[in-house]
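Let the sequences and hints guide you as you build the complete structure.
Quick mapping for you: the protein sequence lines, in order, are chains A, B, C and D. Going by the working numbering, the first sequence opens with residue 1, and the numbers climb by one from there. Going by the working numbering, the second sequence opens with residue 1, and the numbers climb by one from there. Going by the working numbering, the third sequence opens with residue 1, and the numbers climb by one from there. Going by the working numbering, the fourth sequence opens with residue 1, and the numbers climb by one from there.
If you are wondering where the hints come from, they were derived from the structure by calculation, not from laboratory data. Keep in mind that the hints are not guaranteed to be accurate.
A pair counts as met if it fits within one copy or between any two copies, since identical chains are not told apart.
Unchecked claim - The calculated lysine-lysine pairs, modelled on DSBU-like cross-linking and capped at a C-alpha distance of 35 Å, are:
{"hint": "1", "residue 1": "Lys21", "residue 2": "Lys34"}
{"hint": "2", "residue 1": "Lys77", "residue 2": "Lys34"}
{"hint": "3", "residue 1": "Lys120", "residue 2": "Lys34"}
Protein chains: 4
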Amino acid sequence: MSGADRIAQLERIMDLLGFPKSAGMHLVAAEPGKVTMALAKRLDLTQFFGHFHGGVVAGLADHAAGACATSSMPDGKLAVTIEIKVNFLAPADGEEIIARAETIQAGSTIVVVKVEVASKKAGAERTCAFAIATMRAMDMPAGFL
Amino acid sequence: MSGADRIAQLERIMDLLGFPKSAGMHLVAAEPGKVTMALAKRLDLTQFFGHFHGGVVAGLADHAAGACATSSMPDGKLAVTIEIKVNFLAPADGEEIIARAETIQAGSTIVVVKVEVASKKAGAERTCAFAIATMRAMDMPAGFL
Amino acid sequence: MSGADRIAQLERIMDLLGFPKSAGMHLVAAEPGKVTMALAKRLDLTQFFGHFHGGVVAGLADHAAGACATSSMPDGKLAVTIEIKVNFLAPADGEEIIARAETIQAGSTIVVVKVEVASKKAGAERTCAFAIATMRAMDMPAGFL
Amino acid sequence: MSGADRIAQLERIMDLLGFPKSAGMHLVAAEPGKVTMALAKRLDLTQFFGHFHGGVVAGLADHAAGACATSSMPDGKLAVTIEIKVNFLAPADGEEIIARAETIQAGSTIVVVKVEVASKKAGAERTCAFAIATMRAMDMPAGFL
Chain A
1 MSGADRIAQL ERIMDLLGFP KSAGMHLVAA EPGKVTMALA KRLDLTQFFG
51 HFHGGVVAGL ADHAAGACAT SSMPDGKLAV TIEIKVNFLA PADGEEIIAR
101 AETIQAGSTI VVVKVEVASK KAGAERTCAF AIATMRAMDM PAGFL
Chain B
1 MSGADRIAQL ERIMDLLGFP KSAGMHLVAA EPGKVTMALA KRLDLTQFFG
51 HFHGGVVAGL ADHAAGACAT SSMPDGKLAV TIEIKVNFLA PADGEEIIAR
101 AETIQAGSTI VVVKVEVASK KAGAERTCAF AIATMRAMDM PAGFL
Chain C
1 MSGADRIAQL ERIMDLLGFP KSAGMHLVAA EPGKVTMALA KRLDLTQFFG
51 HFHGGVVAGL ADHAAGACAT SSMPDGKLAV TIEIKVNFLA PADGEEIIAR
101 AETIQAGSTI VVVKVEVASK KAGAERTCAF AIATMRAMDM PAGFL
Chain D
1 MSGADRIAQL ERIMDLLGFP KSAGMHLVAA EPGKVTMALA KRLDLTQFFG
51 HFHGGVVAGL ADHAAGACAT SSMPDGKLAV TIEIKVNFLA PADGEEIIAR
101 AETIQAGSTI VVVKVEVASK KAGAERTCAF AIATMRAMDM PAGFL
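Have a look at this one:
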């Protein structure tokens, strides 16, 4: 599959029903081994101070990591998360968060991805979280997409 | 503040607007250093196979960890997450997930919490995730509750 | 291979040259899915306050996790660490540290192990670290033991 | 304290007795927020295949992270590790390992550091591990150095 086809496939995966679509996560840019996703603030995504909830920040990081790891795997494989660790570095107090995922190691079954999440407020970005995810390749189910 | 008051306070925090309430997270049981929360499945909380999304599992774990850490801190303190690590052990394919958080170390400013998340399906539970969270005490803002 | 043979094999692995043997790590107890190892204090294992160095604590936790994961795998497989996370909960200021590893999930290729490390001082134990390790099964090289 | 004084202080800390000095860890370069340390291979630092042991890799990463975090803290503060997570990306099969630590967030009490560890073999480097450490500032004991 070409790189462009792969990206189109990631977009179709993004567009499936469920948490990422309901929350409003969307693909901003993608190439093999690098994926950027963003999410606009909504009241139902916040914590008690009105910032993005940590679980939502982790969810966007996880989703970007999964798409990024999938983009580093052979055709027909899909990444599932073995584990993810997120350090929260600053309040996610912007009107949008942007997760930039990058593959740092791609083995035959295990792919490791780092993700920087920025909070965008009045046009300025600040890193608000840093994540490392270990992903495992599974066979994409027949007829999945 | 008495233990019962503390739990009532946690319930008020849970009931604030935002992601936890919108998703439907609710307190099942709580005592100082131990908190159980649950979340029923809804389509907007799932990933592509129809299981709970990893970000939602992480979000429930984080929220339970935060309440648990807060319950281990002195009155007037609120826990915020420094970092959380989640291992996904099995698909969260039940109709409900239950997070059981327990404080494993309570220092003056840092509290460490472990969380086991079970997926409940047709009445049977299976551990689907294990998390460790490092939380920091911050002053509860005046008039917060 | 019987459980007893498996333990004998772990002991032979422990006895190979290298860091674990040089440091003095030794097996205290083992059964499939549970391994306990200990290490006595020596000046060359300490940090600046005279406690066990964090790297040594992590090293013992990692080694116990590896043996534990290997004990949860089929014959002929050896565990290698994909990632380990260690929370340091109290100074490792005893004369001995003891790592108790337990498998919390054993899949076909991935095994997840938790490890509690206690510091023993004047006969009393205190938990000083908590670790989670994700291990991968590799084929044991021919003639390895 | 000037930057140069700070580096000299780090070198004195490095030179204290204990695991880092005994193992042979040494400072290669340092500036506020960036520290590089290296360690040459010795039989007593290896695992069963003759590569650097995971605990030793973690130990060097932890030590570099500690020095780096200390360099990002005010005078009179010393970094101690709250938690460290290490992903092992490739065998540490070189004759030397080099840890490059960089502060990614410096708060008033918490400093977060990332560390890339390279394995150097026949002059060529390959990343063999990636670590994230969360460090806490403690007061440097009087007369410590």
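Tested hints:
| no. | hint | result |
| --- | --- | --- |
| 1 | Lys21 with Lys34 | both (20 Å within a copy, 33 Å between copies) |
| 2 | Lys77 with Lys34 | both (17 Å within a copy, 34 Å between copies) |
| 3 | Lys120 with Lys34 | both (20 Å within a copy, 27 Å between copies) |
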